[in-house]
Amino acid sequence: MSLALAARDVVVELGARRVLDGVSFEVARGEFAALCGPNGGGKTTFLRAALGLVPLAKGSIEVLGARPGVATAGVGYLPQTKSFSGSFPARVLDVIAAARRGVWPFHVSGPERERALEVLARVGGEHLVDSSLRGLSGGELQRVFLARALARDPALLLLDEPTAGVDGGGRVEFFELLAGIAAREDLAALLVTHNAAAVRRLADRVVYLDGTVRAWGTPNQVLDRDWERASAFSGHDHTAPVDARCEDA
Amino acid sequence: MDGVVELLLSPLGQGFVRRALAAGLALGTAGALIGVFVVQRGLGLIADGLAHATFGGIALGLLLGATPDRAIWVALPFTVAVALGIQQLRRRTSLGGDVATGVFFAVSFAAGVLFLGLRGPRGVPVNVEALLFGSMLAVSPEALTVVALVSLLVVAVLLRVGPQLAYATFDAELARLSGVRVAALESLLLALTALVVVVGAKTVGVVLIAAFVVIPAAAAQLFGRTLGATLVLAVAASLAGTAFGLFASYHLNVAPGATIVLTLGAFFFLALVLRRR
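Chains as they are written, first to last, in this note's numbering: chain A, 1 to 249; chain B, 1 to 277.
Worth flagging that the hints you see were computed from the coordinates, not collected in a lab.
Since this is a predicted model, take the numbers as computed values, not measurements.
Ideal placement from N, C-alpha and C gives every residue a C-beta, glycine not left out.
Take the hints with a grain of salt, since some may be wrong.
DEER-style ranges, computed between Cβ atoms [said to hold, decoys possible]:
1) B:ALA138 to A:HIS127: 53 to 59 Å
2) A:HIS107 to B:ARG275: 23 to 29 Å
3) B:ALA184 to A:ASN220: 48 to 54 Å
4) A:HIS107 to B:LEU114: 48 to 54 Å
5) A:ARG17 to B:ALA81: 31 to 37 Å
6) A:HIS127 to B:GLU6: 52 to 58 Å
7) B:PHE16 to A:ARG113: 49 to 55 Å
8) A:ARG134 to B:GLY265: 20 to 26 Å
9) A:ARG134 to B:ALA183: 23 to 29 Å
10) A:ASP130 to B:ALA183: 32 to 38 Å
Could you build all of it, start to finish, from the sequences and the hints given here?
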């Protein structure tokens, strides 16, 4: 099986605190995996470790067959909290072109604009191309940042609670959009979410992370607390957590 | 009409006014370009903090026996060191940029007062008022050369690293994932800000130099839809404000630093009003 991501006995320590302790799981190419777990369970830390933004104390993560931070062109990342400067004078076009270039574009060429329109079309956002980032709604920003993550035609998408701060209608719309992309394109994805409905709708597999992997199975196995089958599915001897669930958000 | 233009431009007949204008325009260009990045990063206060550090650096130079003109060569490394110190404090502690700046601001200024006091009776006499409020009309050819070189350096560096710096300013994490050396670029930006502030403090004074960095960028930010447009608007506002303020100061017979900053301030409030319409 060709793997998009393989974590083996990953240990991450932030200061004196061990946030991830012996985390092992895999995401196959073309597979949509969801990462659930309680707040503070290490979900965001795992994604950041996979991106090379957080060092590993022990273990390894292979992302598209390489160490974290190496195969960056093949990885699309949608962060949890948009860390961008909200007052920055930028058009949507600039954001997409920057993702492709890896630096900020002071001038966007015709072909770059065409390419930006193509990638925005994949998220239904062509009409936003010349919009100022400052004037977009939360839902529109999500579309733009999803397009940004898709801009370099990644083989793996890492999505960190992409609908945090988006209203209920916007969340459903965004997850439907994501489902459409997952169905059309041969993309592997790892989605951090607390949204059980999104997990059932999108995920082939769920990893329940609480410092270590507590369960790993299909959405029904994990969400319906069928721990015996979930553990058997993963091939690991996982302990059923006392209160392991993806919250309905 | 010709008479009005002639009256406005008549100060240019004098060499010291031409030097002041050239220094102001060079400083205005560099300050506005740097300012756009500084303001976008929410570091507007740092220009003020570094200006006060400059006072400490110049006072240290005077204590070491330099003349007021040459003390700038002590103030330059002193202020760059303070800028990098502020950055390290921000990165290695949970203190915000405003707190780190506030600490260095107060300590540097107090050190400056101490250095001036320690010079003793044989020290070179210093016009503290000129130090605080600048002496733009007294810019020497040597000082003009330093201002021009620093401004050229700023423009050259920004031409070289502008796209990387802009991406890191927009979103440090995404830039880092694209291989941009975010921390090194922040150090570079702060060092360049320190250079502009030091040579500017000598020209428009410690108290007013921060305005050269912050106000044109703040006014431009209200209108610029792209980063390129914002940079152009900031430089245009800075150049217009510098030229108008300098001529106004000549005809009103007041300190040019004040009239320039007041003109820039008027631009900002005008931009604010026009933006709301």
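Fill in: Hints the structure fails to honour
Violated hints: none at all, because every hint is consistent with the structure.
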